[in-house]
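Protein sequences appear in the order of chains V, G, S, D, H and R.
Each residue of the first sequence is one higher than the one before, counting from 1 in the working numbering.
Each residue of the second sequence is one higher than the one before, counting from 1 in the working numbering.
Each residue of the third sequence is one higher than the one before, counting from 1 in the working numbering.
Each residue of the fourth sequence is one higher than the one before, counting from 1 in the working numbering.
Each residue of the fifth sequence is one higher than the one before, counting from 1 in the working numbering.
Each residue of the sixth sequence is one higher than the one before, counting from 1 in the working numbering.
Honestly, I wouldn't trust all of these hints.
Since copy identity is lost for identical chains, a pair holds within one copy or between any two.
Unchecked claim - DSBU-like, lysine-lysine: derived pairs with alpha carbons at most 35 Å apart:
#	residue 1	residue 2
1	Lys45	Lys24
2	Lys9	Lys266
3	Lys229	Lys284
4	Lys148	Lys107
5	Lys119	Lys12
6	Lys266	Lys180
7	Lys26	Lys107
8	Lys130	Lys81
These aren't lab readings, by the way, just hints derived from the structure by calculation.
Given next are the chains, with one letter for each unit.
6 protein chains.
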Amino acid sequence: MQIKVYYIKDYKEGQKFYGVYLCKVKQMLKSKNGKTYINIDVQDKTGVINGKVWDITNAIESFEELDFIQVEGMITKFQDKLQVNINRIRRAQEGEYDEAEYIPASKYNKDKMFENLIKLVNSVEEKHLKKLLEMFFVEDEEFAKKFKIHSAAKTMHHGFLSGLLQHSITVANICDYLSKLYYILDRDLLITAALLHDVGKIEELSSFPQNDYTDEGQLLGHIFIGAEKISRMTDRIEGFPEKLKTELLHCILAHHGELEFGSPKKPAIAEAMALSMADNMDAKMEGFTELYEANEPNTAWLGFQRMFESNVRQSEGTVENRKKKA
Amino acid sequence: MQIKVYYIKDYKEGQKFYGVYLCKVKQMLKSKNGKTYINIDVQDKTGVINGKVWDITNAIESFEELDFIQVEGMITKFQDKLQVNINRIRRAQEGEYDEAEYIPASKYNKDKMFENLIKLVNSVEEKHLKKLLEMFFVEDEEFAKKFKIHSAAKTMHHGFLSGLLQHSITVANICDYLSKLYYILDRDLLITAALLHDVGKIEELSSFPQNDYTDEGQLLGHIFIGAEKISRMTDRIEGFPEKLKTELLHCILAHHGELEFGSPKKPAIAEAMALSMADNMDAKMEGFTELYEANEPNTAWLGFQRMFESNVRQSEGTVENRKKKA
Amino acid sequence: MQIKVYYIKDYKEGQKFYGVYLCKVKQMLKSKNGKTYINIDVQDKTGVINGKVWDITNAIESFEELDFIQVEGMITKFQDKLQVNINRIRRAQEGEYDEAEYIPASKYNKDKMFENLIKLVNSVEEKHLKKLLEMFFVEDEEFAKKFKIHSAAKTMHHGFLSGLLQHSITVANICDYLSKLYYILDRDLLITAALLHDVGKIEELSSFPQNDYTDEGQLLGHIFIGAEKISRMTDRIEGFPEKLKTELLHCILAHHGELEFGSPKKPAIAEAMALSMADNMDAKMEGFTELYEANEPNTAWLGFQRMFESNVRQSEGTVENRKKKA
Amino acid sequence: MQIKVYYIKDYKEGQKFYGVYLCKVKQMLKSKNGKTYINIDVQDKTGVINGKVWDITNAIESFEELDFIQVEGMITKFQDKLQVNINRIRRAQEGEYDEAEYIPASKYNKDKMFENLIKLVNSVEEKHLKKLLEMFFVEDEEFAKKFKIHSAAKTMHHGFLSGLLQHSITVANICDYLSKLYYILDRDLLITAALLHDVGKIEELSSFPQNDYTDEGQLLGHIFIGAEKISRMTDRIEGFPEKLKTELLHCILAHHGELEFGSPKKPAIAEAMALSMADNMDAKMEGFTELYEANEPNTAWLGFQRMFESNVRQSEGTVENRKKKA
Amino acid sequence: MQIKVYYIKDYKEGQKFYGVYLCKVKQMLKSKNGKTYINIDVQDKTGVINGKVWDITNAIESFEELDFIQVEGMITKFQDKLQVNINRIRRAQEGEYDEAEYIPASKYNKDKMFENLIKLVNSVEEKHLKKLLEMFFVEDEEFAKKFKIHSAAKTMHHGFLSGLLQHSITVANICDYLSKLYYILDRDLLITAALLHDVGKIEELSSFPQNDYTDEGQLLGHIFIGAEKISRMTDRIEGFPEKLKTELLHCILAHHGELEFGSPKKPAIAEAMALSMADNMDAKMEGFTELYEANEPNTAWLGFQRMFESNVRQSEGTVENRKKKA
Amino acid sequence: MQIKVYYIKDYKEGQKFYGVYLCKVKQMLKSKNGKTYINIDVQDKTGVINGKVWDITNAIESFEELDFIQVEGMITKFQDKLQVNINRIRRAQEGEYDEAEYIPASKYNKDKMFENLIKLVNSVEEKHLKKLLEMFFVEDEEFAKKFKIHSAAKTMHHGFLSGLLQHSITVANICDYLSKLYYILDRDLLITAALLHDVGKIEELSSFPQNDYTDEGQLLGHIFIGAEKISRMTDRIEGFPEKLKTELLHCILAHHGELEFGSPKKPAIAEAMALSMADNMDAKMEGFTELYEANEPNTAWLGFQRMFESNVRQSEGTVENRKKKA
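Build out the structure end to end from the sequences listed, making use of the hints.
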C-alpha cells in the first residue's frame, strides 16, 4: 500500500506525515524536565515545517543538516501552528528524491530560458562580444550547467533554483527593449553586459540546498569576482578591442548604480546606466511578485518592507490578476 | 532678389545675417566710453547667437524680450565666438514666422505621437479609466492641444516643444512592456497613470517661448497640481470605483519614487513602483541623449554632470550609432 | 447592592474586577496542555489590563474586538503584573457606557476649545479666508462635529479624542503670537493655514475606538487629502483671490517643513515657515508632556526616544511642576 | 555753506558725494595701461558704494581698512551701478562721526530692549538663577555694556549692532510664551537659558566695525565658550544646586538642536528642546525679515536661499504689511 | 578543608559552586505556580553565570545589586547553559575579596602603564604644557589614582579597569610616532592633548563595579567636561600662552573628528586631526581585539557588528597569532 | 656669456626671463582689437608663470602643450601678478633638460625610499607573500621603475614624482607600527597589502608631465585595476594559499574604508581596517603638509578646505617647526 505523500503546504492537523524532505535545521535540545530531544526544520519547495523527535530510539538514524531524510510522524497543532511529532527518520538515498522538489525554483522552465539566452547570444553582432558570450555559455559546459541552476540571492529576490538565469535573461530583455527606444545605446555591449553582469554570483553564493554566502563572496563580492572573470576571459580572445573591454568591465563594475550599493564606479556611459536601471527594475518587480505570492491575494497591508522602505500592499488589479492566473 | 535665410547654427563669419528670430534676452548697456547700446540674444530652434546694436537709429524699432523680430546685420567674430553687428530690427507680424522654427522641439512628429497616445488610450479595458483618459485627451480639446505641444522641463530633460507628449508616451510604452513581463501589474491602472503622471506640468511650466516655472508651479508643484486635477476629473465619472481612484492618485503622488525627490508618499503598490522606475528610466536615457547630441560624436569626457553625479562620456558604440544616423 | 467600578489604573491584587470596558484585543489560544482559552486586553481611558477566560462557558457571550463588554473576574498577579481571571462576559448595550470613558481624551474641554477656535475664526479679517473657515467649522456641521473629537495621531503625539482640535488651536495660538513678533507675517493667512493644516487627518485616520490609518490615509496622506479638500472649498467661494489660494495651499503642502518628512514642497514664504515650525513645536512639546505623564514624576532616565533621537528625562523643575499640579 | 550729506542709499547719478564713511575694503590696483589707482568700498548703515581714486595726489591722505574717512567725489554710473570718482580723502577724527551711523543696527532701541531684559531677569523666581543673571547683566557692567551692542552673527541673521540683545530677548519671550502653553516647562530654567544661550558670541565674534570670527571663536565656538563662562560663574554663587547647574549647562550645549549643527549633545529635557526650537524660530523669522527688507516689497522670486534651502518670495500679505509700515 | 574556588569560566556541570562573586543583577520573580524565587547574575572578571534561589531561607542573607556575595550552590544545565542552584548566600566583607578579580581589567599592568605615562609627560619640552600634565598626573594624586583605574567606556571598547589609562597611552604613543613621520606636528601639543583627551570620562562614567553613565555624563558629555577641566587648570599656570591654550582646547573639542560624533568643532589644525585619527585607530583596533578574544580563534564569521558596520571575522594570521600567544 | 637661469618662484619684475620650461597650457587667442596672440603657462617644479607672445614671428617655433620649450622674454607685472612678454621660443632637445626639474617631486630621495621598500619586502616572512612582492618590485623591473617615479594623485595629496612610492612606504611603516601595538594583526599580510594597495594607480593616472586620469582609470578605478593585477600575479605563484589570496584582495578592495569612497566592500578583518586607517592617516597628514607648505609659515586662516571640510590653519608649533626646518 502506498502512503500518500503531500507537499508540506498541503498537510492538515491530524494527518500522518510521511515522505522524503530536506533537513534545513537540526538541534539537540533539553526540555524543562531535562529530557533531550531533537528539534528539526524540514522543507520542500512549498514550505517549511517544524518537527520534534521526543524519543530518540533506533528508529532515528543519524543524519546532519542539509541531508535528505525519510520522515514519519503525525501532524499536530501547537499555538496555532502545525508541527510534526516524529517517530522514524532515516537518511534518503540518491535516487529516492528529486532535489528540485525540495528547494524553491523558478517558475519558468530552465531549458527554455537557456534557449532564450542562446538566442540573445546569437543576436549579438560584434564578433568579440559574441565570442565572449559563447565561451561562457556554450564552450564552458560546466559553467553553463551551473549558471542554469544557480540562485541569484540568499533570500529575496530571485533566491531560488535558476534564479540567476531568470534574472539575467529578464534584465537582458529589458535592455533589448531599451536599445530599441534609445538609438544611442550600443545594443551588443548592453546585451553582453546584461547577460554577464551577475556571473560573479556563482562564486559569491554556494549552491543549493545551502545557498549561502561563501567566504570569497563576503570578502570580495560578486561585482569584483565577475569583472575579474570576464577580464581574464577577454584576454583569451584574440584582438578583443581594448576600449570595448574597458567599457564592458565598466558596465559590470557600475551595475549597482551607486557607490553606497557596492559599485566602485558610478555609471559613466549610457549603457552602464541602462544596465543598472534594468537590473534594479527586475529586482524590485520580482521582489513585489515574491512578496505578493507569499501572501493571500487581497489588498490587506503587508507591513513595512525594508526592500521598498514602505508599508506595501497589492492593488485591486493585482488581486484579480493573481486570481485569474490561479 | 531673395536673401538667403540660414539657421543660426549654419552662419559663418563674414556673412550677412538676415531673417526673423526670437529675441530671448534684451538689455540696454553702456560701453566703457559711455555710449548706450543694445545687447540681445536671438534664437531659432538650432541655437542662439549674440548681437549688438551699436547705433540706435530709426532703423531699430521698439521691441521686447520674447518678441519675434526681423533682424539684419553682419556676422563677426569676437574671442572665437560668432556675433552679429545689427543695423536693422523690426517686429515680425504673426504669419511671418512659424513659432516651431524658433524653439527646440521633439524630433518626433507630434501628430503621430498623439495618434500613438490615442491607441494606448483605446487599449485600456477598464471602462472608468478609459473614460478618464478620454475626458483628458479626447473630450477636452483645449487640454489635448496644450498637452500636444507642452514642454516637460525648463531645461534638461525633455525641455522642448512636445516634450511632455514624447515623455508621457515613452513612459507608457515602458510600462506596457513591463506589464507583459510581470503579470502582477494591473496594466490598465499602470497605462492610465503613465499617461497622466505629468499632466500637472501644463500648469507648473508656462508655454513656450517662455517655458519657465509659474508661481503656482513653484509653490504647489506638478505632483499636487496633477493629482488634484485627476481627482476632480474622476468625480465627474459616474461610478468610478473609490479604491481605483485612490490607487491611481497614489501612483501620481508617488511617481518621483522618494520623499526627498518631492513625492509625498513612497510607492506602496507594484504599479506605483513600476511607474516611478519607468519615469526615471526615460529621464536618464533622454538626458544622456540630449547631452550626447549637444556634443561631437567622440569618446571625449564631457565633464561632471550633476544629473548623473559623474563625469560621463559616449561609448564607442554610441559614437558609431550617431554617425550612422547622421 | 452596587458593586464598585474602578478605573483600570486603580485596581489592586485580590479585588473583584467588574464593569464595562472596551475590548481592544481578543485571541483564541491553546495552553501547553491543549486547552483552549481566551486572551483579551480591555481598556478604559486610564489604561489597559490583560485578562484570561480559562473556562469558556455559557457565561461567556460572543463578542468581537472593539466591542464594549461587561466583564466580571478577579485581579491576580503574574510575574509582577496584574491580570484578570474572567468568569463572565456579556456585550454592553449602547447607553450602558460613555464612549469617552474608554478612550484617551484631551485633558481640555472640547467645547471650550471649539469656542476658542471660533474666536480665532472671527479674528480673521480677510473676508474670503474667514468665509473659508466658516464653511469648514460653522456651516459644515458634520465636519465640525468630527473635527471636535478626532485624534491627530495613531499613537504619540495627540493620539486621543479631540487631539486634532487641541493641536490645531495650539498651533494657531503660537502662530498668532508669532504674527505679533514679526510684522512681515500675514496673520490672516497664517491663522487660516494653522487651523486647517491637519484637516486631512479626518480621512487619514479612522475614528475612535479604532483610530488607525485608513487605506486612503496610507496611500495619499493627510497633506494631499487636506490640500485638495481646501482647494475645492475655496472654489465654492466667489472671488477667492487666486494668489491667496495658492499661498494657502502652499502652506498646507509645506507644513512638514522638509521633503523627507513628506512635504512635496519646502516652505517658500515666511508664513509657511512659521506654520511648519509652530506645528513641530507643539508636536515636540506635547510629545514630552505625554512621555513625562506616562512616567512617575522624577528625574530617572526614560530611555532612548525615537521622537527625540535621544535618551531623555524630566528636569527637576518639571518634577516640581507636575507635583504641584497633581 | 553746508554741503548736503546723504545716506549712501539716497545718492543719485551726477550728485556730489560728500561725507564721513567707513572704509570697509581698500586695494591698490593697476589699470590696463599700468597706472596705479585705489579701489575702495565705503559704507554707512544704509548700504555700500564702490569708489575709485584715479589720481593719488596730496589730497589723498593715508588711511587703512576700517578707518572712518572724509570723502569727496562725484557719483557716476558704470554698467548700471553707481560709483564714486574720488578726489579727496582724509581720515576722520573721533567726534566727527557717530559709529552707529556706519554700521547696521537693530531697529529697536537698545536701552528699551535692555530694560525688558532686566524685567525678564526680575521675573525669575529661583534665587540662584536670578543671582546668576544679575551677575552677568547687572553686576558685571563691562559685560552688560558689550552685550547691549554686540552682533549675533557675521552676516545673516542678527548681524548688526545690538543683534545679540534683540535675539536673546526675542528667544526669551518665545520661551516665556511656551512656558504658559506647556506646564511641564521650568520657566526659571528656560528663561535663564534663553537669556544666556549666546553669551559665548561676545568672544566668538569681534566687535563692530570688524564683526568677524575671532581665532578663539573659530577654534572653540560660542557654545563651548558660553557654557564654560556660565559654569565658572555658577561656581561663584554659594549653594547653586549641582543638578540645576547641569541642566542649565545642558540647555546651553544642546541649543543648536542637532549634533551636525555643532551641539555636542541633543536636547534631553523639555527645556533644552524648547530653547533650541525658539532659537531656530527667531533665526528663521529674522532671516526672512532681513531678506525681505533687502528687496522691494513685491512677490518676485528672490532666488535660492541657502538658509531656507529653497527659492523664496514674499506673500501678498507681507507686501501689504511692508507698505503699511513704510 | 579548603573548598576549591574556580573562575566562573572554568566551572563544569555537576560541580559545587563556591566563592565570593559580584552580584550584577538581582530580581524577585514568581514561578508559574506562584512561588517567589530570587534570580541573580553573578560575575567575576572571567564571565557571568545565572543563579536561582528556590528556597528563601535563613541561609539567604539580605543583599543588593553590586554587593559582593559569598555564594554556595550546585552547577546544573538548562537549555545548554550552565546555571547555579543556590542554597546559601551571605554578604562578603571588605578584605575577603580583591575587587580586581570581579571586574574586567586591562591585560597590561596599570603601574607599568602609568610609569610609561609619566615618561611621556617628562618628554614634553614646552614648560607650560609639561606643568599642566604634572598638575593632573603628578600633583593631583586623587585624580591620578582615579585615572589609573577608570574605564574608558560602558561596554566596547576599553570598557574595563584601567581602560582609560591604556587607551590614553596608546593614543599618545601613536601620536608620538606620527610626530616623527610628519615634521609639521607640534609634538608637545599633540602628546599633551592625547594624554588629556578623555579626562572628562572620569566624570562621564561612574566607577566600577557600576561603570555606567552619570547624569552629568549624559547631559554634558566627556568632551565638554574634559575641555572645561583643562581650561580651568591652565588658568592656574602662570603665563600659560593664550594661543596654546586655545589650540589645546580645540584638540580636545575636535577629537571625535566629526560634528555628528559629538565634537562641536571639526579639526582645524593638523594636531587636532592627528589626535582624532589616532583616537579612532585605537578604538577600532581594540574593538577588533575585544571582539576576537570573545570568540574562538577561527575564521568563522562573527555576524554584523555595528561598530564596524559590517559582518567581520578573523584572518588566518589572527588565528595563528592568538594560538601562538595562548 | 652665460645667462642666469632662475627657478620660476625666484623671478622678479623687470628681469630677463630665460631658460627651458615645460609648457603646461597653450592657447591661440584674439585681442580686443582682433590681433591673434599666444597665451601660455610654463612651469618648473617651483611654480607656474603666465606668458604672452604678442608677435608671432620666425623667432617663435612651432610647439605643443607638454613640450619642453626654451623661452626668452621679459618679466612684467599685470594686476599684481608677474607675467612674461615672450619674444623667442624654440623646442628643447632631450638632454637639454632634466625632467625632474620641471615637475613637482617628493622631497625624499627615490632611491633611498626604494631601498626602504626592499627592506620591508625582505622583512615579510610568509614565503608566498614575499614572492609576490618580489615579483612586483624586484623581478618586474619595468614595473619597479614606473612605481619609483609615479604620482599618487592628480592634485592633492602626493600628486608629485615618486608620490606613489612615498605614500606606499609611509602607509607600510604605519602598518608596521600598528602590528607592534596590536598582536592580532597578521604583519605579513598587512605589510604586503600596504605596499601593494595603490599599484592600480600606475594605470589609473598617466605619467608626468601629464599626470591625469586615463580612460581606464576613470572607467574602472585603481581599486579594481590593482586588485585584478594582484590576483593574476598570485596565480603565477605555486601553492599560494587560496584563503590568503582572498584576504589580501579583500584588503585591497576595502582600503578606502567606506562604500561611498569607492570601496566595493567594507573592511571585514582587522588588517583591512588597519590598512584603510593608515592610508587615510597619511592622506590627511600629507594633505596638511602640502597645504601648509603652499602658504607662509604663520597662523593666518587658510579658508575652507574641501579635503578637511573645515577652515584650517597652522598651529603656533607648526609655524615654529617650519621655521626651524627652513
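Status of the hints after comparison with the structure:
1. In this homomeric assembly, lysine 45 and lysine 24 come within 35 Å of each other (Cα to Cα) only inside a single copy, at 12 Å, whereas the closest approach across copies is 38 Å.
2. When the C-alpha separation of lysine 9 and lysine 266 is checked against a cutoff of 35 Å, the pair qualifies only between copies, where the shortest distance is 33 Å, while the shortest distance within a copy is 44 Å.
3. In this assembly of identical chains, the alpha carbons of lysine 229 and lysine 284 lie at most 35 Å apart whether taken from the same copy (27 Å) or from different copies (29 Å).
4. In this assembly of identical chains, lysine 148 and lysine 107 lie within 35 Å of each other by CA distance solely inside one copy; the values are 13 Å within and 43 Å between copies.
5. For the homomeric pair lysine 119 and lysine 12, neither the shortest alpha-carbon distance inside one copy (45 Å) nor that between copies (51 Å) is at most 35 Å.
6. When the C-alpha separation of lysine 266 and lysine 180 is checked against a cutoff of 35 Å, the pair qualifies both within a copy, at 24 Å, and between copies, at 30 Å.
7. For the homomeric pair lysine 26 and lysine 107, the shortest alpha-carbon distance inside one copy (29 Å) is at most 35 Å, but the shortest distance between copies (39 Å) is not.
8. Taking CA atoms no more than 35 Å apart as the test, lysine 130 paired with lysine 81 passes in neither setting, with 53 Å inside one copy and 46 Å between copies.
Against the hints set out earlier in the document, violations occur for numbers 5, 8.
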